[in-house]
Amino acid sequence: MQSMPAAISVTGLIKRYGDHQVVDGVDLEVQQGEVFAFLGKNGAGKTTTTEILEGYRTRDGGNVSVIGEDPATAGAEWRAKLGIVLQESRPLGALTVKETLRLYAAYFPNPHTVDDVVRLVGLEEQINQRAGRLSGGQVRRLDVGIALIGRPELVFLDEPTTGFDPEARRQFWDVISGLRDLGTTVFLTTHYMDEAQVLADRVAVLRDGKIAALGTPAELQALRGDVEIRFTLPPGLELAALPALSSQPRLTGGEVRVETTAPTADLAVLCSWAEARGLELPALTVERPTLEDVFLAISGETT
Amino acid sequence: MNMLVEQVRADLLAFSRRPETLFFTVFLPVIFLVLFEAIFGGQSVTLAGGDVIAQSYLQVPAFMVMGVISASFVALSITVVNRRETGIFKRVRGTPAPAWLLIAGQVVTSLVIALLMVIVMLALGSFAYGVRVEIGHLPWLVASVLVGAIAFSCLGMMLAALTPSTEAAPPLANVVVLPLYFISGVFVPVESLPTWLGNIAALLPVAPFVKVATWAYVPATTMPWRSLGLLIAWGAIGLIIASWRFRWTPRRD
Numbered sequence: 001m002q003s004m005p006a007a008i009s010v011t012g013l014i015k016r017y018g019d020h021q022v023v024d025g026v027d028l029e030v031q032q033g034e035v036f037a038f039l040g041k042n043g044a045g046k047t048t049t050t051e052i053l054e055g056y057r058t059r060d061g062g063n064v065s066v067i068g069e070d071p072a073t074a075g076a077e078w079r080a081k082l083g084i085v086l087q088e089s090r091p092l093g094a095l096t097v098k099e100t101l102r103l104y105a106a107y108f109p110n111p112h113t114v115d116d117v118v119r120l121v122g123l124e125e126q127i128n129q130r131a132g133r134l135s136g137g138q139v140r141r142l143d144v145g146i147a148l149i150g151r152p153e154l155v156f157l158d159e160p161t162t163g164f165d166p167e168a169r170r171q172f173w174d175v176i177s178g179l180r181d182l183g184t185t186v187f188l189t190t191h192y193m194d195e196a197q198v199l200a201d202r203v204a205v206l207r208d209g210k211i212a213a214l215g216t217p218a219e220l221q222a223l224r225g226d227v228e229i230r231f232t233l234p235p236g237l238e239l240a241a242l243p244a245l246s247s248q249p250r251l252t253g254g255e256v257r258v259e260t261t262a263p264t265a266d267l268a269v270l271c272s273w274a275e276a277r278g279l280e281l282p283a284l285t286v287e288r289p290t291l292e293d294v295f296l297a298i299s300g301e302t303t
Numbered sequence: 001m002n003m004l005v006e007q008v009r010a011d012l013l014a015f016s017r018r019p020e021t022l023f024f025t026v027f028l029p030v031i032f033l034v035l036f037e038a039i040f041g042g043q044s045v046t047l048a049g050g051d052v053i054a055q056s057y058l059q060v061p062a063f064m065v066m067g068v069i070s071a072s073f074v075a076l077s078i079t080v081v082n083r084r085e086t087g088i089f090k091r092v093r094g095t096p097a098p099a100w101l102l103i104a105g106q107v108v109t110s111l112v113i114a115l116l117m118v119i120v121m122l123a124l125g126s127f128a129y130g131v132r133v134e135i136g137h138l139p140w141l142v143a144s145v146l147v148g149a150i151a152f153s154c155l156g157m158m159l160a161a162l163t164p165s166t167e168a169a170p171p172l173a174n175v176v177v178l179p180l181y182f183i184s185g186v187f188v189p190v191e192s193l194p195t196w197l198g199n200i201a202a203l204l205p206v207a208p209f210v211k212v213a214t215w216a217y218v219p220a221t222t223m224p225w226r227s228l229g230l231l232i233a234w235g236a237i238g239l240i241i242a243s244w245r246f247r248w249t250p251r252r253d
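Protein chains in written order, with my numbering: chain A, 1 to 303; chain B, 1 to 253.
So here's chain B without its partners, still in its complex pose (with noise of 0.2 Å):
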C-alpha cells in the first residue's frame, strides 16, 4: 500500500511538473468551456422530447467528460509510451516492485486529475452558468464519472499498446478523440448532426460517456442504461487488447 502511494505522489509530481501535459489536460477543457459559454451560452436547444434548456445545461458536462477523457485517455496514453520508451518500466521491472503496482499508479494518478477536472467543472459550471447539479443526482454524477475514466484508462492502455514510439503518442492520442469530441456531442450538439453520423458515434466510446454525464444535469425520464453498458464494454474491449499487446520494454529491444 504505501508503494502505490509512493507512485501514485511520485506520478502526480511529474504530472504537475510537465507544462504541456498540464495545459492540454487541465486547462484546455477549461478555455474550451469558457469559450463556448462566451459564444452559445445564451442559446437554448430543444431536446428529442420537446423540452428546451438551455445549452449550458449540456456543455458543462461535456466539458466535463472532455476534462475527464484528456485525463485518462489522452495523458495515460502518452505517458505509459513515454515510460515504456524510456526504459523507466524496464528498470522498474528489474526491481521487486509487483508489475500491477506500474499500472495502478498510473491509473490512479489519471483518476485523480479526472476528479480534479470534475470538481473544477462542477464549481465553474454552478458559480460563473448557474448550471447546477442537484444533490440527489451527485452520486450519479460521480459514478458515471468513474466508470467512464476507467473504461479510458483501459482505452489508454490499449492506445499505448498500439503506440510505436514517445514521438507518435500525443498525435495518435489527439488523431483520436478531437473528431470524436465532434460528432459526440461536445463541440456540437448532437441533435444538430446527420443521423447516420449520430448513430455511427452513438456505438463509439465518447458519445455514451457524455450521454451518462449529462444524465446527472439533464435527467430524462429514462435512465441511460445501454449508454453505460456501451461504456463498460468499450473499457473492456480496452483492457483486453491492452493485456494482449502490452510491453514492458521499448520496442527497440
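Excised from the complex, chain A in its bound form (with noise of 0.2 Å):
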C-alpha cells in the first residue's frame, strides 16, 4: 500500500545556542491527519524544535521537512498551508474577535469565512468583543481561530493552555478535536500529560533534546507496567523493618512505593506481615502507573 508522504519528517536536528546543544539529534514523523502532541518539561527543547519546523530560526544541523519543504528557504505559498499558535502572542486588543479574524483572512489566499471560523473555536457570543476584553481561554481560542483561518494543513500549537483553569481547558479540547475531524494535522507542545492523553494519536517525550520516549499514549503506559504497591510508613518503622518483597520499597514524604510485577505475592507479604505485628498499614493503595508517572519518569522529573 502506497502511504502519503509524511506532513512532518525530521532527521538529525541540531540547533546549538553557544556551547549548549539545545536539540541534539531529534528525528520524528508525523503522519497527515494526525494529531501529535510532544511534550517535556521546560527548557527540553520543544519551542526550539517547534519553531524551526514553523521557520521562525534556523537549524545548525540535520534535516526537516515540512509538508514538502523545508522551512528554512519556504516561501509564502508554503506558510499559506500552515496556522500557528505562539507560545506567547496576544491579538490586538482594541479589535473585536470579527475585525481580526477578518485581516487575518485577507492574508490568504484561500481563506475560511469568519462565521465558520468563530462556530469551530466557539466563540459566537463574542463575535463583536474586543480581544482585550476577552477572558484567557477566549482569546486562546481566538488565536486557534487565527491559525485556522487561512484553511491550513497543519496547524501548530505551542503549549496552547498553559494557565488555564479546567474547564477553559476541557473547552479547549473540544476545539482541538474538531479539527481532528476536519483532517487537519496538528502539532502540539505541552506539558500536561493529560493533554496528551486526550488529545494525541501518538506523543513524543523530549529531554535534553532528545527524543526519550515516542508512540501511542497505551504504548508509553506500557513502558512502566508495574503496579505500584502504596501505603504510610506506620510510626516509629523504619524502611528496613518491612520484609522482603520483590523490589525495593522507596520511601517518598512519608509514603512507601513499591514497584512491583507481582502485586498478589507481594500484598499478601506485606499483609502478614504487619496483621502478626498488629499493625495498620494506612492508605494502602495499588494501582497502575497514571501517563502522568511514566511522562514524569521519561522526562526526568522527580515524583
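In case anyone wonders, no lab produced these hints; they're calculated from the structure.
Here a beta-carbon is modelled for each residue, glycine too, at the ideal position from N, C-alpha and C.
Only true hints are included.
Simulated coverage check for chain A against chain B, where a stretch passes if three residues somewhere in it have a Cβ under 8 Å from a Cβ of chain B:
hint	segment
1	52-59
2	66-80
3	86-97
4	105-111
Two chains, two separate frames, one set of hints: put the complex together.
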C-alpha cells in the first residue's frame, strides 16, 4: 500500500545556542491527519524544535521537511498551508473577534469565512467583543481561530493551555478534537500529559534535546507497566523493618512505594507481616501508574 | 492591494480605539495651538528680513508640524514597538502576508492621521485665527507635509528599532521630540533663540520641517530648498538605520 507523504519529517535535527546543544539529534515523523503531541518539561527544547519546523529559527544540522518543503527556505505559498499558534502572542486588544479574523483572512489566498471559524472555536457570543476584553481561554481560542482562518493543512500549537482553569482546558480540547475531525494535522506541544492522552494519536517525550520516548499513549503507558503498592509508613518504623518484597521499596515524603510485577504475592507478604505485629498500613493502595507518572519518569522529573 | 486596505483599516480602527494615543497624537497639538493663540495670538514678530507679521502665521504651521510628527514619529514608533513585543509581527510573519505589508500598513496609517491633522489645523487656522494659505501655495503645503510625514515615519521606524521594550517606547519618543519642539520654532519663535542653539536646531530634523511648512503661510523670496533637502536626508538616515536594526520578533526571543 502506498502511504501518504508525512506531514512532518525530521532527521538528526540539531540546534546550538553557544556551547549548549538545545536540540540534540531529534528524529520524528508526523503523518497527515495525525494529532501529534510533543512533550517535555520547560527547557527540554520543545519550543526551539517547533520554531524550526515553523520556519522562525535556523538549524545547525539535520534534515527537516514540513508539508513537502524545508522551512528554512520555504516561501509564502508554503506558509499559506500552515496555521501557527505561538506560545506567547496576544491578538490586538483593540480589535473585535470579527475584525481580527477578517484581517487575518486577508493574508491568505483561500480563507474560511469569519463566521465558520467563529463557530469552529466557539466564540459566537463574543464575535463583536474586543479581544482585550476576552478571558484567557477565549483569547487562546481566538488565537486558534486566527491559525485556522487560512484553511491550514497543518496546525502548530505551542503550549496552548498553559495557565488555563480546568473548564477552559476542556473547552479548548473540544476545539482541537474538532480539528481532527476536519482532517487537519496537529502538532501540539504541552507539558500536560493528560492533554496529550486526551488529544494525541502519538506522543513524543523530549528530554535534554533528545527524544526519550515515542509512541501512542497506550504504548508509552506500557513502558512502565509495573503496579505500584503505596502506603504510609506506620509511625516509629524504619523502611528497613519491612519484610523482603519482590523489589526494593522507596520512601517519598512518608509514603512507601513498591513497584512490583507480582502485586498479589507482595501484598500477601506485607499484610501478614503487618497483621502479625498488630499494625495497620494507613492509606494502602494498589495502583497502575498514570500516564502522568510515566511522563514524569521519562522526562526526568522526580515524583 | 486588498490586503493593504484591510491592514490600514484594521490599524486605523485600532488607533482610534486607544484613547491615550488618540489624545497625544490628535488632541494635544490642537490644545497647544488653542492655548498659544489665546496667549500670544495678538502679538507680532519681526522676521529676519524686517517684515512684521502676526505670530499666528508662524504658530499655525508650527503646530500642524507637531501634529504630523505626533502621528508619524511618536505614535508610529510606539505602535511598532508594541506590535513587535506582543508577538503580533512575529505571528503575521508566519502567514503568507509579505513583510512590506506590515510596514506599509503602519506608514499609510500614520499618513492618514497626519493628513487629518493638516486638515484640522488648516481649518482651525483659517476660521478661528484668520490665518490663510493662498490657493497657489496649497500644493507646496501638501507636498511638504507629505515629505515630512514620510521622513518622520522613517525616523519613527528607526526609533522603534532602537527601543528595547513597550514600556520604554512612549517616554523615549517624547524625550526625543519635546526638546526639539522648543528649539525648532514650535513653542518658541526661532528668532528669539540664541544663535548657537538656532544653528544646532537648524541641522536637526524638526526645524527644517517647520521651515518648509511655514513657507506655505509666509512665503519668503527664497525657496527653502536647503531645509527640504535636510528633511529628506534625515528620512534617509532613519530608513538606513531602521532597516539595519529592525527586528520582527520580541526582544526576549
